[in-house]
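Protein chains in written order, with the working numbering: chain F, 1373 to 1621; chain P, 23 to 449.
Hints in this document: simulated from the structure, not taken from any laboratory. It should be emphasised that the depicted structure is a prediction, and the values quoted were computed from it without experimental measurement. All C-beta atoms in this analysis are idealised placements derived from N, C-alpha and C, irrespective of residue type, glycine included. Where hints are given, some of them may not hold.
[As the list claims (entries may be wrong)] Estimated spans, in silico, between C-beta atoms of each pair:
1. P:Thr24 with F:Ser1418: 34 to 42 Å
2. P:Thr24 with F:Lys1578: 49 to 57 Å
3. F:Ile1567 with P:Arg447: 42 to 50 Å
4. F:Ile1567 with P:Leu379: 55 to 63 Å
5. F:Ala1408 with P:Val325: 46 to 54 Å
6. F:Gly1403 with P:Leu379: 29 to 37 Å
7. P:Lys439 with F:Ser1457: 17 to 25 Å
8. F:Ser1401 with P:Lys439: 41 to 49 Å
9. P:Leu379 with F:Ser1401: 12 to 20 Å
10. F:Gly1403 with P:Arg447: 16 to 24 Å
11. P:Thr24 with F:Val1402: 36 to 44 Å
[Claimed, not checked] Each computed BS3-like pair below joins lysine-lysine, with the alpha-carbon atoms no more than 30 Å apart:
12. P:Lys289 with P:Lys113
13. P:Lys40 with P:Lys289
14. P:Lys124 with P:Lys112
15. P:Lys289 with F:Lys1527
16. F:Lys1527 with F:Lys1578
17. P:Lys113 with P:Lys124
18. F:Lys1527 with P:Lys439
19. F:Lys1578 with F:Lys1564
20. F:Lys1404 with P:Lys439
Each chain, letter by letter, is given below.
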Amino acid sequence: MNPDEICGLRDRVANIALIHASNLTRRYSVGKTVVAALSEVELTVSPGEFTALVGPSGSGKSTLLNLIGGLDHPSSGEIRVNGLSLGAATEQELVRYRRERVGFIFQSFNLLPTFTALENVEAPLMLAEIPPRARRERATALLESVGLAARIPHKPNELSGGEKQRVAIARALANRPLLLLADEPTGNLDSKTGIAVLDLLCGLVKAQGLTMIMVTHDPEVAARANRIIHLRDGSVRQIETTRPAEKTS
Amino acid sequence: MTISDQIRTAVSNVGRRKLRSALASLGVVVGTLTIVIMVSLAAGVRQQINRQFASIGLDRLTVTPTGSGRGGFGPPRFDSGGFDPGSSRKKIITAQDVARWKQSSGVMRIIPEVNLPGSVGLELKWNGTNQAVRMSSAEPMGGNFFQEPPEPVAGSLELPESGGIILSQGTAQAFGISSNDFAGIIGRSVETILRTSRGETQSYPLRVQGISQERARNIQVSIADRIAMKNWWFNSTNTLEREGYDFVIIRSTDVTHAIALTAQFRKEGFNVQSLEIVVEVANRIVTAITVMFTLIGSIALLVATIGIANTMVMAIYERTREIGILKAMGASRGEIRQMFMMEAGCIGLIGGVIGLLLGWLAGVGLNQVIPIYLRYRELPARGDFFVVTPWLALGAVLFATFIGLVAGLLPAQRAAKLDPLQALRHE
């Protein structure tokens, strides 16, 4: 294969891929020393794929997730999601990207404490300037779909961990994103609740044909993914294809 | 994020820390209170001054023709030396001018005057006896700005257009009429006789309208008769058309209008005498005091910004994580900044409204108390001392809100610039 053909192939892959990262590097300065949280990562994620990121602490899982979510900027290399180069994007483009394309689910739920469950789900819709009535309807439907119809007027401190994470899932789905980014979504839940939340999340993702990238420590959680990407010291060590995307359960 | 959503969010965020928001807005309350009390006091004092000036005659002005050679304070005097037939007048006051001025806004009363030459021999005939008298101005106040308007001893001191005469007390007594009989001569006819040095005479029967307090032997005669007398004296039929009125006394509805009218008549090319300078100086002093008081209140408000800014810095520190969440959900820097600016503005607005209400209540209360005290001290005063105009109310609240916004500017800017990742990690 000559270099032109390789380039052509790469472009084709980049075009059909939802996420394409090449040479992706993120360095942090800690005092005078520079630490590479992520170095020269190559990654391609197809639409509708469920990818698990695993690895020990400090391996760069969260850094990669934050780069894909547009919350962090690459030090070098490129990351392109849905045609938008996140490293080169303007602040305005990143705001729109986070608002319209991405849904975040965090380990610590990160609900707005003074908002009710309904208002938390409405918040992204409010940022998108959806009229109050329409967003109320959408938020209510989403909370019903995560089984929280009865908890709609409750504030986060009146909800259990599992319930909080369900609200967070509903919120992440509110603006109909292409991409769900979950950072250890079951990390703060007991195993039984964790499994229930995971079942719900995977069901919704499959039903809506969403692409999901999940950071996890738990091999059982990772086992549900189409692919498992093992990270260590900021580099991809192994990519494990567990099952084809079509058969996600 | 739409404006209405931002306002709603800001209000609910302010409401969730009631005590802290209240303490932060306390400075604004004090500042606004100071401004409202001070400025409403200044407005009230201005009204008091204008009212006092109006009562001493500052609402009056005297218009004279240009080039008449008469100046100074007050209207020209009837007996001011040799008579100038008016040939040198550049701009005369015509009957049309007077008719037009009558329609001007702020003109309450207009009295055109015609003088008789000082050399006219004037006699009054009553019950067969003749007494020499002098003609005084038809305006009862005689042009003295500071004199209280004379009270009639009998009848009225208002003259009709023609055929009327007012006698002074001195004139009536010269005919041997005692003060008990004054009322009896009202409505009776007397003859006013003009006599030239060659002995020619002309008689005018006039009806007595009233008797004034004046001790001198004076009479006042209706304007139409004075014009007729002047025509006879100069053996002419059109002295008014040629020379116009000698002066016109105008009483305006208030001092402000007096100043405006003075300017208007000057522009038309007439001489105007009024006490506008006094009013202007007084108004300037009140304005200076108002500005000073407002500055004091403004300093209080500026100090209040420190309190609001501190509250906002605290709020942003506490809510760093929330800011991170909002940013992850796609809130822009501008939206975060506006959110906190709105909160700060909201604190300012609340403080402003409370300050305005307290200031207004204080003014209303003092308006009740001060007249009682003044009456006790036997000082004359009417009306309110504290006047909260709609402009003051609006201005105070807007300024307080503005102060809040200014206080929120830097903290909000800090919040907007927060790195979303660091904010999310914040505990």
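Taking the hints in turn, this is what the structure says about them:
1. P:Thr24 with F:Ser1418: 34 to 42 Å: Holds: the Cβ-Cβ distance is about 37 Å, inside 34 to 42 Å.
2. P:Thr24 with F:Lys1578: 49 to 57 Å: Violated: the Cβ-Cβ distance is about 34 Å, outside 49 to 57 Å.
3. F:Ile1567 with P:Arg447: 42 to 50 Å: violated (28 Å)
4. F:Ile1567 with P:Leu379: 55 to 63 Å: holds (59 Å)
5. F:Ala1408 with P:Val325: 46 to 54 Å: holds (50 Å)
6. F:Gly1403 with P:Leu379: 29 to 37 Å: Because 56 Å falls outside the window, the suggested range is violated.
7. P:Lys439 with F:Ser1457: 17 to 25 Å: holds (23 Å)
8. F:Ser1401 with P:Lys439: 41 to 49 Å: violated (19 Å)
9. P:Leu379 with F:Ser1401: 12 to 20 Å: Between leucine 379 of chain P and serine 1401 of chain F, where Cβ atoms are some 55 Å apart, the hint is violated.
10. F:Gly1403 with P:Arg447: 16 to 24 Å: Taking Cβ atoms as reference, glycine 1403 of chain F and arginine 447 of chain P lie about 18 Å apart, which means the hint holds.
11. P:Thr24 with F:Val1402: 36 to 44 Å: holds (42 Å)
12. P:Lys289 with P:Lys113: holds (12 Å)
13. P:Lys40 with P:Lys289: violated (61 Å)
14. P:Lys124 with P:Lys112: Holds: lysine 124 of chain P and lysine 112 of chain P sit about 23 Å apart, inside 30 Å.
15. P:Lys289 with F:Lys1527: Given that 30 Å is the threshold and the Cα spacing comes to 74 Å, the pair is violated.
16. F:Lys1527 with F:Lys1578: With a Cα-Cα distance of about 29 Å, the restraint between lysine 1527 of chain F and lysine 1578 of chain F holds, given a limit of 30 Å.
17. P:Lys113 with P:Lys124: Holds, at roughly 19 Å.
18. F:Lys1527 with P:Lys439: holds (28 Å)
19. F:Lys1578 with F:Lys1564: Within the cut-off at roughly 21 Å; holds.
20. F:Lys1404 with P:Lys439: OK: lysine 1404 of chain F and lysine 439 of chain P at ~24 Å, within 30 Å.
Of the hints listed earlier, those the structure fails to meet are numbers 2, 3, 6, 8, 9, 13 and 15, in rising order.
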